[in-house]
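J.: Sequence:
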Amino acid sequence: MQKEEYEEWMPIDEDIPVVASLTDLEICHAVCEQDQAMKVDDSEGDEGVEENPPTNVEMRQALDILKRGVQHRSTIFLKIRVDELSNKIANYFLSQGYTKESEVALLLDNCPEYVCIWLGLAKIGVITALINTNLKGDSLSHSINCINVKALIFGLNFSENVRDAKKLFNNSDTIEYYCFSERGSPTKTVVSFPAKSLNALLEEASSSSADPQKHRIGFKDKMMYIYTSGTTGFPKAAIIRHRRFLLIGCVPQFLSGLHDFEVIYNPLPLYHTAGGILFISSIFQFGGSMILRKKFSASNYWKEAAKHKATVGQYIGEMCRYLLNQPTCKEEKQHRIWLMTGIGIRPHIWKEFQDRFRIKHIIEAYGATEGNATLVNMFGKTGAVGFIPQICNRLCPVSLIKVDPETHEVIRNDKGRCIRCKPGEPGQIVGKILSNPINAFDGYADPEETKKKIILNCFEKGDQAFLSGDILVMDEEGYVSFVDRTGDTFRWRCENVSTSEVENVFSKALGHASCVVFGVEIPNVEGKAGMAVIQVDPKSINLSELYQNISKRLPSYAIPLFLRISQEMEETGTYKLKKVTYRKEGYNPEEISDPLFFLDIKQKTYIPLSKELYSDIVAEKLRL
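With UniProt numbering as the guide, the letters of the sequence shown map in order to residues 1 to 624.
Quick caveat, the hints were computed from the structure, so don't treat them as lab data.
Quantities reported herein were computed from a predicted structural model and do not represent experimental measurements.
Among the clues, some could well be false.
[Stated by the list, open to error] Restricting the straight-line Cα-Cα distance to at most 20 Å, the calculated cross-link-like pairs of lysine to aspartate or glutamate (EDC-like) are: (1) Lys432 with Asp463; (2) Lys415 with Asp463; (3) Lys552 with Asp600.
[As the list claims (entries may be wrong)] Each pair of labels, with its calculated beta carbon distance range: (4) His348 with Ile601: 19 to 29 Å; (5) Ala619 with Gly416: 47 to 57 Å; (6) Gln390 with Ile454: 24 to 34 Å; (7) Thr328 with Gly380: 18 to 28 Å; (8) Glu406 with Leu168: 30 to 40 Å; (9) Ile601 with Asn145: 49 to 59 Å; (10) Gln390 with Asn524: 45 to 55 Å.
For each residue, glycine too, the CB sits at the ideal point set by N, CA and C.
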């Protein structure tokens with residue numbers, strides 16, 4: 001969209017008053033541009049590296065960041081400040097013996113310093129693990145234990161979570177703990193366990209740029225870890241290499257035709273790919289600016305977008321429904337956003353969302369953080385997540401293959417090869433693994449977990465493909481729609497929930513009682529709500545105590561909404577087969593004789609799921 005077209009599409013009142021007070025806004029502008037054209041170098045590690053990636057050296061392509069400055073509360077960050085802070089991070093950790101391939105975990109709310117921290121660590125080849133800020137207890141300790149963490153940088157507001165979880169860390173005694181406060185520079189430790197004040201240490205650190213040749217970082221080197229469930233088991237640390245970081249940033253630029261004057265409104269968490277890489281990488285390489293919010297707010301979304309003259313908006317799943325549920329406000333038609341892009345907008349609200357908020361284009365996509373099977377719906381086809389060309393579709397690296405409708409196991413033909421789905425046939429989406437950067441599969445920090453996501457001899461002898469674990473369906477024209485997620489995970493509240501992780505917490509809380517967890521659909525609600533089936537005596541369980549126990553160890557989005565108590569659960573067979581049966585039975589009290597309960601957040605306990613309550617849930621009378 002050309003700059004002069006904005007006024008034609010979206011007339012703006014330059015003096016729009018903001019109804020809500022901005023004193024508590026967690027907002028920042030992050031602007032960066034690229035001065036030189038990038039050249040992708042596929043050289044491996046230290047061998048033959050002639051040019052470092054933009055996330056290395058002085059980040060010359062990226063460190064023109066903030067040409068308009070960064071605003072976070074009352075603090076203004078200029079580009080020299082970002083360069084200075086990231087250099088301080090690099091130089092301090094270099095002085096402490098951190099080198100290429102060292103691993104540092106980052107647990108911090110959205111703020112300008114978040115990017116500066118991993119940016120500085122990337123300059124010296126240190127891998128930053130971006131930790132989900134909702135995690136605590138067992139969930140937090142798992143994210144730390146699945147990699148070789150040398151240090152944990154955490155926000156002051158997460159100190160209690162770290163204190164409670166650190167006793168579960170495998171190498172708790174050797175991890176260095178750094179407390180960072182975005183609101184000031186504490187000169188001494190203010191937490192209840194030994195931790196260094198990163199703010200104070202950075203005051204003394206050098207802000208000079210390090211010699212790039214000392215670190216010899218190539219495009220194939222690891223840059224960061226982003227955690228993903230991968231559809232099975234516990235969350236895994238997905239590898240993001242420098243080249244993948246750059247390639248992800250090319251997607252919005254080349255598919256949307258963005259310009260360097262675009263202003264991106266980003267209320268998504270920085271620990272996920274959508275919020276933490278997609279447009280940040282794009283801005284680093286091609287220019288633009290970003291409004292970064294601490295957390296999503298449906299009531300303030302359009303007010304802030306209008307005030308800060310945003311032109312591009314981001315969303316994930318439920319966010320679009322939350323915005324539609326808000327009362328109308330004048331800002332929802334006075335903003336400049338012409339493009340919304342994201343994952344998970346429901347087909348039945350697509351047109352209503354686009355018409356009400358006057359969005360010219362919606363680009364819906366499909367993809368996994370670690371995967372190579374990515375689809376994009378550039379044409380605005382309602383309900384589609386992407387497109388697979390029907391002409392020469394066998395040459396396309398992304399395919400849908402047939403699976404068993406019950407077990408979701410891959411079906412092969414008499415030659416032992418996978419079978420491509422015909423239009424209208426649901427199938428698992430796979431991505432052919434090739435040696436080029438676009439179709440490569442970098443996998444996880446754990447090589448064994450990586451192997452589980454690769455299918456061999458998929459279409460021909462010796463080939464490999466990435467198994468997404470997601471079921472999609474393609475129509476006659478080639479448009480693809482999302483159907484379901486298989487395996488041991490489901491998506492709720494814009495987050496992936498590991499059923500294995502939830503089952504483990506429930507089992508411990510109930511004295512190792514049998515337990516299965518799965519996701520169930522609620523009419524016209526995105527994702528799946530959690531449901532747990534536990535084997536206990538209904539008279540012996542205190543549901544308030546159960547909630548208190550699991551809420552200390554699970555993030556809020558992972559706590560099941562529905563609970564079924566059964567005194568008998570089959571000991572034979574696999575949990576998958578049990579889950580299929582329980583999932584089909586659902587949570588209708590008229591069809592299930594076992595006691596059913598529903599999570600009441602206000603009362604902080606599970607309450608009986610009556611027929612009346614069930615009717616309210618399916619009739620959308622309860623806000624979920």
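J.: So which hints don't hold here, by number, going up?
T.: 9 and 10
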